[in-house]
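Protein chains in written order, with numbering that gives the first Met the number 0: chain A, 0 to 268; chain B, 0 to 254.
A hint or two may mislead.
Said to hold, decoys possible - Simulated DEER-style distance windows between Cβ atoms:
1. B:P39 to A:A132: 36 to 44 Å
2. A:A62 to B:R61: 35 to 43 Å
3. B:R121 to A:A62: 44 to 52 Å
4. A:S136 to B:K252: 53 to 61 Å
What the hints assert, rightly or not - Now the stretches of chain B that chain A is said to cover, found in silico as 3 or more residues with beta-carbon under 8 Å:
5. 10–16
6. 93–103
For the record, the hints were derived by calculation from the structure and aren't laboratory data.
As the structure is a computational prediction, the values presented were derived from the model and not from experiment.
Ideal Cβ positions, reconstructed from N, Cα and C, are used throughout, including at glycine.
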Amino acid sequence: MIQLPVLINFDPGIVWEFLFSDVVLEGARRTLLISVLAQAIGISLGVVAAVARHLRIPVLSQAASLYIWFFRGTPLLVQLIFWFSALPQLAPNDFGFGPLQVHHAWFLLSPFQAALIGLSVNEGAYMSEIVRAGIESIESGQMDAAKALGMTNLQAMRYVILPQSARVIIPPTGNEFIAMLKNSSLANVIAYPELLYESQTIYHRNFKILELLTVASIWYLFFTTIFSVLQAELEARLRPEERRRGLVASIGRALRPPASWYGGTGDRR
Amino acid sequence: MNSAPMVQIQDVHKRFGRNEVLRGVSFDVQKGEVVVILGPSGSGKSTLLRLISHLDSLDSGRIYVDGRLVGYEERNGKLHALSDRAASIARADVGMVFQRFNLFPHLDALGNVNAAPTHVRRIAKGEAIARGTELLTQVGLADKLHAYPAQLSGGQQQRVAIARALAMNPKVMLFDEATSALDPELVGEVLEVMKQLAHDGMTMIVVTHEMGFAREVADRVMLVDGGVVVESNTPDAFFDHPQHERTRSFLSKIL
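Next up, chain A with everything else stripped away, as it sits in the complex (with noise of 0.2 Å):
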């Protein structure tokens, strides 16, 4: 027998065998979990510091361009470590008195916390460049008829501005999604158990390196898979004149305004 050499030490039956064990499967759900909550909450920052700056409230309006500053100019994977390892030198004791006690423990954040509070504020500084795009999208002519109705700047961009902007805000804010399932995985440096840090404990344990770095590849093309092809139906719907039909577009069609805002259909006159 003639023994042939090894090219690729790589077994697809460890990536068979992991990829759908609990703990895998776990880590893929801790993934998609932190991604939409952190995503939801920076799509909420984003509106408030953008909504801040359009209107120029004062000091709001100061300390949301202070904050896309920093958080767009320093690296997530540098504020995911402070926010777990460096906040609690921030409050070393206890401090203050009766209900202005301020506890250290406080400042002693689990992973989860950490991992959601760096990824929802970082994305945020993100979003508000896009609903700052989303806003300016919007022809004067709406604030200075909801103005002229008498509605405060506030009550014009909820009900006026924002709702027509959703227009220009939601592609983007796809992309962001997709990047944000892929971000998610530095939280594993501060030990938050998502997929890739499961996929590591596993490797740590039996070297099989390449096969559940494998594993982990395939949950994220099965995530950025699914989103993707649900934000390019969704965007479709938002363009009138592309009117596809289908199973993934009864999905974007339940998400879409109606058409008629658009001039797509109806009769005119």
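Given the structure of chain A, go ahead and fit chain B onto it with the hints provided.
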């Protein structure tokens, strides 16, 4: 009875950068009066309307609507801008109709009319729908309650915009070239609604190029040019016996 003028405009100045658009405009509008403002483009007519509804801030002078200073508080002879909330409450008393309609494209006709009553005045939904339906019927759009702006003709959109402004029960209505963006065959239906409003006793300030409307409906016609009121008179006197050379040359170009 309050015999004070509904709108008082006192020595209003406004500049955009180096361009002084209004150079001291003063006039009063009585309750129920219809004033038509004529003038070449760039003469400051639209700016004046935007100041009355406080969509822009003035540089000096005073504007009062129903005795209340618009957009400002006067303390020791100095003007202090009102807060956003206080200014918006005052703005609701002034209805504005825009050249480009500016309907909210994401809401249907009824949604456009009800947006401010429900969100600003917090009127109950059922009541708002009843009132909105009544207003849209009044402008001849009873069959278009649930049509979106993109499904309506320009004339229909402008009539929705008028109903939308009326929904806040304004004390005065401002029309900023309300028919200028319309196809000629659609102008009539909008002017008809405006005539009816005037007939019902609404105080109106109308910037327009529609001379027929000015002659027929206006109580007073005004020529604004170069940022000042050049001439102000009854329609008959204004059109038949203009006092100023500037008015004569303006009328000769358009009539």
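Now for the hints, and whether the structure bears them out:
| no. | hint | result |
| --- | --- | --- |
| 1 | B:P39 to A:A132: 36 to 44 Å | holds, 37 Å |
| 2 | A:A62 to B:R61: 35 to 43 Å | holds, 36 Å |
| 3 | B:R121 to A:A62: 44 to 52 Å | violated, 31 Å |
| 4 | A:S136 to B:K252: 53 to 61 Å | violated, 39 Å |
| 5 | 10–16 | violated (count 0) |
| 6 | 93–103 | holds (count 8) |
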